[in-house]
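Add chains B and C to chain A, keeping to what the hints say.
Listed below are the residues making up each chain.
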Amino acid sequence: MPLLELKGIIKFFGKLAALENIDLQVNKGEILGIVGPNGSGKTTLINLISGYYRPTRGTIYFDGRKISGLRPDQIARLGIVRTFQSNVLFEGASVIESMMISSRLQYKTNEWQAFWETKAYKDEHEKIVGNALNTLRFVNIFNETFRPAAALPHGFQRMLGIGVALAANPSVLLIDEPTTGMNHEEAMGVVENIREINKQGVTVVLIEHNMRVLLNIATRVIVLNFGNKIADGDPHEMMSKPEVVEAYLGTETL
Amino acid sequence: MIIGRYYIDHKSVVPKIVIGALIALVAIFPLFTTNMVTLSIIILSGIWAIAVMGFLLILRTGQFSLGQAAFMAIGGYVSAILTVKMGMSYWPSFVAAGIISGVIAFIIGIVVLRAGGIYFSIITIAFGEIVRIVAMNWESVTQGASGILTHAPESLTVGNLEINFAASVVPYYYFMLLLVTVSALFYWQIDRTRIGGTFRSVAANPVLAEHLGINLMKHRLIAFTVAGLFTGLAGAYYVTFLSVMNPLIFDLWKSVQIMMMTIVGGMGSIVGGPIIGATLLYTLGIYLSRVPIPNIQYLVFGGVVVLLLLVLPKGTGLVDQWGKLWRRVFGEPEDFQMPGEEGMDEE
Amino acid sequence: MPPAGIWIDGLVQSCIYMTMAFGMVLVFSILGILNWTHGQFYMLGGFVVYYAVTAAGIPFPLSLLISGAVVGGLGMLVEKVVIERLTSPGYGILSVTAATNALIFFFEGAAGMGFGLMNKGMATVLPGVLDMGSFGVSYQKIAVIVFTLIIMVAMYIVLNLTKVGKAIRATSQEPDAASLYGVSVKWVRVIIMGIGCALAAMAGGVIGIVQSVNPFMGRIPMIMSLLAVVIGGLGSLTGAIVGGIMLGLLNSVIAYSISYYSEVALFMLVIILLLIRPQGLFGAAPK
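As they're listed, the protein sequences go chains A, B and C.
Basically my numbering = 1-based index in the first sequence + 108.
Basically my numbering = 1-based index in the second sequence + 1.
Basically my numbering = 1-based index in the third sequence + 259.
In isolation and in its complexed conformation, chain A is listed as follows:
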């Protein structure tokens, strides 16, 4: 059984179809790349899975359970966590504070224990702060721990975005264009991170514009064009299919 399954997903905005009848399976442990020209519905797809939008028709299953119609926070608590392309900051928060907000899901102590600051809470809190610092080390922004997140350079903010998503304990991580606006070195760091995250058992769904990055890490790729899935399969085979090349080369340069 696939871990995440989209059945007959249709999404309209007013009269405009953003996605037309998408069927999609995500298997446990893979890195699924989603490509397609601008406006092909990639981000809409992630918005649907994470619960930000509701599908006009169709159903989404996670682990055999229907999740379409749930709120984003319920879906996040089930273990499907996403990153955003641009919406990454808690205004005014420092890097570590942002991490601690997304670490909420790691706590076992309830609000009363936290309110009274019981020993159980304090011990747990210390451990979770440690986890957060480790995650920051992992995404290479440990040196920025106490800076305001808004003051970070763009590339660091994207890395923080991944760190924040990781702190929410995902079993499926949806990553939206993680390397946009990064230099080559930073991008390679992120690629390494994603590979490592995947190795630790997290299923990854990745939207990426940069084909080189995608071919490098994805184990499977689907191609979207005008809200339709036009191809699904091995990344390298994919690039030899004429309809894919046409959809892609028509609008983008590789």
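Careful: at least some of the hints might be erroneous.
Said to hold, decoys possible - Simulated crosslink set (SDA-like; lysine to any residue; CA at most 20 Å straight-line):
#1 Lys315(B) <-> Tyr350(C)
#2 Lys86(B) <-> Phe242(B)
#3 Lys315(B) <-> Ala258(A)
#4 Lys325(B) <-> Val272(B)
#5 Lys230(A) <-> Phe187(B)
#6 Lys325(B) <-> Tyr350(C)
#7 Lys219(B) <-> Tyr215(A)
#8 Lys230(A) <-> Arg193(B)
#9 Lys219(B) <-> Trp220(A)
#10 Lys230(A) <-> Trp189(B)
#11 Lys219(B) <-> Glu285(A)
#12 Lys255(B) <-> Arg478(C)
#13 Lys219(B) <-> Leu186(A)
#14 Lys339(C) <-> Val312(B)
#15 Lys339(C) <-> Leu311(B)
#16 Lys255(B) <-> Leu353(C)
#17 Lys123(A) <-> Phe541(C)
Hint data in this document are derived by calculation from the structure and do not stem from the laboratory.
Okay, now just chains B and C, sitting in the frame of chain A:
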């Protein structure tokens, strides 16, 4: 952990001993004067401060409620009706006022918190008006516009000390201090611990917070309910002190005043700001009402608030200036470091 | 079915709410804030017309224009001195909300000091009743409706056919586009605040012929037009007009049908509507 505080944190600037000394001064104040008027002003300021803290707690989750005075009205009516009409003794009815106000806040919150931003503010105005109109027209219970006359709380006996509320204003003063202290500690603890951080994240970026597993509605509802509970207690005590309850005591304009007190006092500290804002504006209002020229008090009150808002730097209130003043006079404390010093406060 | 007189009364109220809500939405769409002092500009407009008509003997239509100019100028001053500063970056929405609320007290106090608290009426303007067979309508009520229509048509012309109007509409869609018309955004904001306040003032002046004016007359219309704005959808001018008309008629009809808790019923209706359709009738859907 704290979000969104690039103001100067006065607590780490002004030594604790100074704050302690101020608190001690307030505690022994009735030794210097038992002047009814002076003490009344302090008592009522303190009660307003509790309501203002509630407003600020709701604001921490990113919503601003213009119906807070309605919860004071609910608290006031519950205690007045329970004591005068149903013959209950004061103290249980005081507790009941808080609980009922909290429960109503919870129920109302489930409905009105679904609307966000400015819609929420307007719906809370409508809610406040509904409470006022019902109080005005439900004569058999609230006695309409003429209002309910309440009597003093029964005297309490602690050890062999008898506290008689009917004899003097001093017991009211100390019970106000107790009430303010308990609510302030509760609010303060909420604000500085985990849930306070969650509140701020809900306000700072609701979409991101929701995608990280934070239930927005639940947290907004918690803030709204806690605020409703303490505001109800404040209302119940206010009414007892005034010894009358009618629909005009807590109308929309009191809700508006609560908002002004919040912003003038400053939002950097959930306890300090409300106390400063409420005391200052309430006292100003009282002294202005003694000026013999009719209507000048509204003019000056409004003018002063607008001027303060224009003069205070960028959305900070008086409490945020306290630390600045202290540093200017006494210099920088040695281990003090501004949070987020890398040029972020000019964002 | 309520009698025709009730509907006429409702329509008179609709005129006021519609004009005020329209001004409020206009200000909101350019300045991005709700002007909570709107009701007090309405009140001041009522006083200007009252004194112009009774003390100076100026004809009523001209008095309306004067009140629009005077109070509009006052609104521009408020924009320039208070709102512009408090909406600059770094201030939260709460600063300007608190300030415009404080101005409510300021203007009511000023009006109380200057004009006294007594009700002042202009019953001498347009006396008489138009006989409609089964019922009569006073000329004053007809005048309210007619003048409101004139004001709204004039508004339409200003917004759609003049250069300033084009700049205004451009600014509401794209703040940078205003410069294309050779008008600075700052200036458009001031003008819009002026127009919004002038509308409120004229509404106050118009109502002066059927009701009396006093320093607190702005409070209830302010709440009502706020509700009209959210019913119609924040930011939608059509919505403001429809919301205002709906609210005025509903208010009157509900008050006729249930006397005691009519306002409660009205507020409940608005709350229910907002919960079903949070963006209002004509507002853009979120997401």
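Structure-based check of each hint:
Taking the CA atoms of Lys315(B) and Tyr350(C), the gap is about 5 Å. The hint holds against a cut of 20 Å. Restraint check for Lys86(B) and Phe242(B): satisfied, since their Cα atoms lie roughly 18 Å apart, inside the 20 Å limit. Proximity of Lys315(B) to Ala258(A) is assessed by CA-CA distance (about 19 Å); at most 20 Å being required, the pair is judged to hold. Under the criterion of a C-alpha separation no larger than 20 Å, the hint pairing Lys325(B) with Val272(B) is consistent with the structure, at around 18 Å.
Restraint check: the Cα-Cα separation between Lys230(A) and Phe187(B) comes to about 19 Å, which is no more than 20 Å; the hinted pair holds. Of the supplied pair hints, the one linking Lys325(B) and Tyr350(C) holds, its CA atoms being roughly 19 Å apart against a limit of 20 Å. Restraint check for Lys219(B) and Tyr215(A): satisfied, since their Cα atoms lie roughly 17 Å apart, inside the 20 Å limit. Of the pairs offered as hints, the one joining Lys230(A) and Arg193(B) holds, with about 14 Å between alpha carbons and a cut-off of 20 Å not exceeded.
Taking the CA atoms of Lys219(B) and Trp220(A), the gap is near 15 Å; set against the 20 Å cutoff, the hint holds. For the hint linking Lys230(A) to Trp189(B), the alpha-carbon distance of about 18 Å falls within 20 Å, and the restraint holds. Annotation: proposed proximity of Lys219(B) to Glu285(A) is violated, straight-line Cα distance about 31 Å (limit 20 Å). The hinted pair formed by Lys255(B) and Arg478(C) meets the criterion: a straight-line CA distance of about 14 Å does not exceed 20 Å.
The suggested pairing of Lys219(B) with Leu186(A) holds, with an alpha-carbon distance near 18 Å, which does not exceed 20 Å. Distance restraint check for Lys339(C) and Val312(B): the Cα-Cα separation of roughly 15 Å lies within the 20 Å cut-off, and the hinted pair is therefore satisfied. The straight-line distance between the Cα atoms of Lys339(C) and Leu311(B) is roughly 12 Å, inside the 20 Å bound, and the hint therefore holds. Between Lys255(B) and Leu353(C), the direct Cα distance comes to roughly 16 Å. Compliance with the 20 Å bound is thereby established for this hinted pair.
Of the supplied pair hints, the one linking Lys123(A) and Phe541(C) holds, its CA atoms being roughly 18 Å apart against a limit of 20 Å.
Checked against the numbered hints listed earlier, the structure breaks hint 11 alone; every other hint is satisfied.
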